[in-house]
Amino acid sequence: MVVSRRLLLVEDEPMVAALLQETLKAAGFEVLTAHSAVEAKSKAIEFDPDIAILDINLGGGPSGVDLSFLLHKTYPGIAIALLTKHPDLRTAGYTKEDVPAGCGFIRKDMVTNSQHIVEAIEKIVANTKHFHEDGDSSRPLGKLTTAQVGALRLVAQGYTNAEIAKRRKTSVRAVEQLLAAVFTTLHIEVNGPINPRVEAVRKFISAAGTPER
Numbered sequence: 000m001v002v003s004r005r006l007l008l009v010e011d012e013p014m015v016a017a018l019l020q021e022t023l024k025a026a027g028f029e030v031l032t033a034h035s036a037v038e039a040k041s042k043a044i045e046f047d048p049d050i051a052i053l054d055i056n057l058g059g060g061p062s063g064v065d066l067s068f069l070l071h072k073t074y075p076g077i078a079i080a081l082l083t084k085h086p087d088l089r090t091a092g093y094t095k096e097d098v099p100a101g102c103g104f105i106r107k108d109m110v111t112n113s114q115h116i117v118e119a120i121e122k123i124v125a126n127t128k129h130f131h132e133d134g135d136s137s138r139p140l141g142k143l144t145t146a147q148v149g150a151l152r153l154v155a156q157g158y159t160n161a162e163i164a165k166r167r168k169t170s171v172r173a174v175e176q177l178l179a180a181v182f183t184t185l186h187i188e189v190n191g192p193i194n195p196r197v198e199a200v201r202k203f204i205s206a207a208g209t210p211e212r
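Under numbering that gives the first Met the number 0, the first residue of the sequence shown carries the number 0, and numbering increases by one thereafter.
Don't read these hints as lab results, they were simulated from the structure. The reader is advised that the hints may include incorrect statements.
[What the hints assert, rightly or not] Computed cross-link-like contacts, DSBU-like style, restricted to lysine-lysine with a CA-CA straight-line distance of at most 35 Å:
id, residue 1, residue 2
1, 40, 24
2, 122, 107
3, 107, 40
4, 168, 72
5, 168, 107
6, 24, 122
7, 40, 84
8, 42, 165
9, 168, 202
10, 42, 24
11, 107, 165
12, 42, 95
13, 24, 72
14, 84, 122
15, 202, 122
16, 168, 142
17, 168, 95
18, 107, 142
19, 72, 84
20, 122, 165
21, 122, 168
22, 95, 72
23, 42, 168
24, 142, 202
25, 142, 42
26, 95, 202
27, 84, 142
28, 95, 107
29, 95, 24
[To be verified] Across the chosen pairs, the derived CB separations fall in these ranges:
id, residue 1, residue 2, range
30, 208, 45, 30 to 40 Å
31, 24, 170, 36 to 46 Å
32, 212, 84, 13 to 23 Å
33, 61, 146, 49 to 59 Å
34, 21, 204, 41 to 51 Å
35, 194, 25, 46 to 56 Å
36, 146, 14, 33 to 43 Å
37, 144, 188, 42 to 52 Å
38, 27, 194, 32 to 42 Å
39, 59, 157, 17 to 27 Å
The beta carbon of each residue, even a glycine, is placed where N, CA and C say it ideally should be.
I would like the entire structure built from these sequences, with the hints used as guidance.
Printed below as a string of structure tokens:
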């Protein structure tokens, strides 16, 4: 007798959730879909998932990262992966220290067909720590340091250098130097016809969407 594996899918976009659910069911998973962390927490009690695939951004309320810790604590041994449009955790405002140990990372832009997502989940179940699509150095903004990504994210949120310095507990001069390094790494001219700050924000939004404040 083949025992189906119980997979909790948490995705706030209904169309994406429906497509993923259909794909995963066809691959033999028993799928329970939720559209928010609160809904997922409630539904998971009776479902008792073996696997959880979580979008990072779930609209208002707790994020997929918040939910990952709850599931990790409540269901020992559960395999967890974040499925997101972000090229890595940093553009979402997190680091690898902010998620449970062994949490996998699947980039939506890497999912070119249904088989990719199924294979990714199988690898995560086998050994989550070896599946991180956020480790590719060629990913968007991948050559920026964590500090540079953090500063650029704050710029994309609309903050001034003075406010960024306050939030990062540093000087305005240090922020200016950090952003200058961002422009250099992203090959943005500082004396050209295009405002380098605006161009850097355009690149961030293209890679990770508009960050919430």
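Against the structure, the hints:
{"no.": "1", "hint": "40 <-> 24", "in the structure": "holds (21 Å)"}
{"no.": "2", "hint": "122 <-> 107", "in the structure": "holds (16 Å)"}
{"no.": "3", "hint": "107 <-> 40", "in the structure": "holds (23 Å)"}
{"no.": "4", "hint": "168 <-> 72", "in the structure": "holds (33 Å)"}
{"no.": "5", "hint": "168 <-> 107", "in the structure": "holds (34 Å)"}
{"no.": "6", "hint": "24 <-> 122", "in the structure": "holds (17 Å)"}
{"no.": "7", "hint": "40 <-> 84", "in the structure": "holds (23 Å)"}
{"no.": "8", "hint": "42 <-> 165", "in the structure": "violated (41 Å)"}
{"no.": "9", "hint": "168 <-> 202", "in the structure": "holds (25 Å)"}
{"no.": "10", "hint": "42 <-> 24", "in the structure": "holds (18 Å)"}
{"no.": "11", "hint": "107 <-> 165", "in the structure": "holds (34 Å)"}
{"no.": "12", "hint": "42 <-> 95", "in the structure": "holds (27 Å)"}
{"no.": "13", "hint": "24 <-> 72", "in the structure": "holds (26 Å)"}
{"no.": "14", "hint": "84 <-> 122", "in the structure": "holds (20 Å)"}
{"no.": "15", "hint": "202 <-> 122", "in the structure": "holds (31 Å)"}
{"no.": "16", "hint": "168 <-> 142", "in the structure": "holds (24 Å)"}
{"no.": "17", "hint": "168 <-> 95", "in the structure": "holds (22 Å)"}
{"no.": "18", "hint": "107 <-> 142", "in the structure": "holds (20 Å)"}
{"no.": "19", "hint": "72 <-> 84", "in the structure": "holds (25 Å)"}
{"no.": "20", "hint": "122 <-> 165", "in the structure": "violated (42 Å)"}
{"no.": "21", "hint": "122 <-> 168", "in the structure": "violated (40 Å)"}
{"no.": "22", "hint": "95 <-> 72", "in the structure": "holds (17 Å)"}
{"no.": "23", "hint": "42 <-> 168", "in the structure": "violated (41 Å)"}
{"no.": "24", "hint": "142 <-> 202", "in the structure": "holds (13 Å)"}
{"no.": "25", "hint": "142 <-> 42", "in the structure": "violated (40 Å)"}
{"no.": "26", "hint": "95 <-> 202", "in the structure": "holds (23 Å)"}
{"no.": "27", "hint": "84 <-> 142", "in the structure": "holds (18 Å)"}
{"no.": "28", "hint": "95 <-> 107", "in the structure": "holds (18 Å)"}
{"no.": "29", "hint": "95 <-> 24", "in the structure": "holds (30 Å)"}
{"no.": "30", "hint": "208 <-> 45: 30 to 40 Å", "in the structure": "holds (34 Å)"}
{"no.": "31", "hint": "24 <-> 170: 36 to 46 Å", "in the structure": "violated (54 Å)"}
{"no.": "32", "hint": "212 <-> 84: 13 to 23 Å", "in the structure": "holds (18 Å)"}
{"no.": "33", "hint": "61 <-> 146: 49 to 59 Å", "in the structure": "violated (27 Å)"}
{"no.": "34", "hint": "21 <-> 204: 41 to 51 Å", "in the structure": "violated (30 Å)"}
{"no.": "35", "hint": "194 <-> 25: 46 to 56 Å", "in the structure": "holds (48 Å)"}
{"no.": "36", "hint": "146 <-> 14: 33 to 43 Å", "in the structure": "holds (36 Å)"}
{"no.": "37", "hint": "144 <-> 188: 42 to 52 Å", "in the structure": "violated (21 Å)"}
{"no.": "38", "hint": "27 <-> 194: 32 to 42 Å", "in the structure": "violated (52 Å)"}
{"no.": "39", "hint": "59 <-> 157: 17 to 27 Å", "in the structure": "holds (19 Å)"}
Hint check: violations occur at hints 8, 20, 21, 23, 25, 31, 33, 34, 37, 38; the rest are consistent with the structure.
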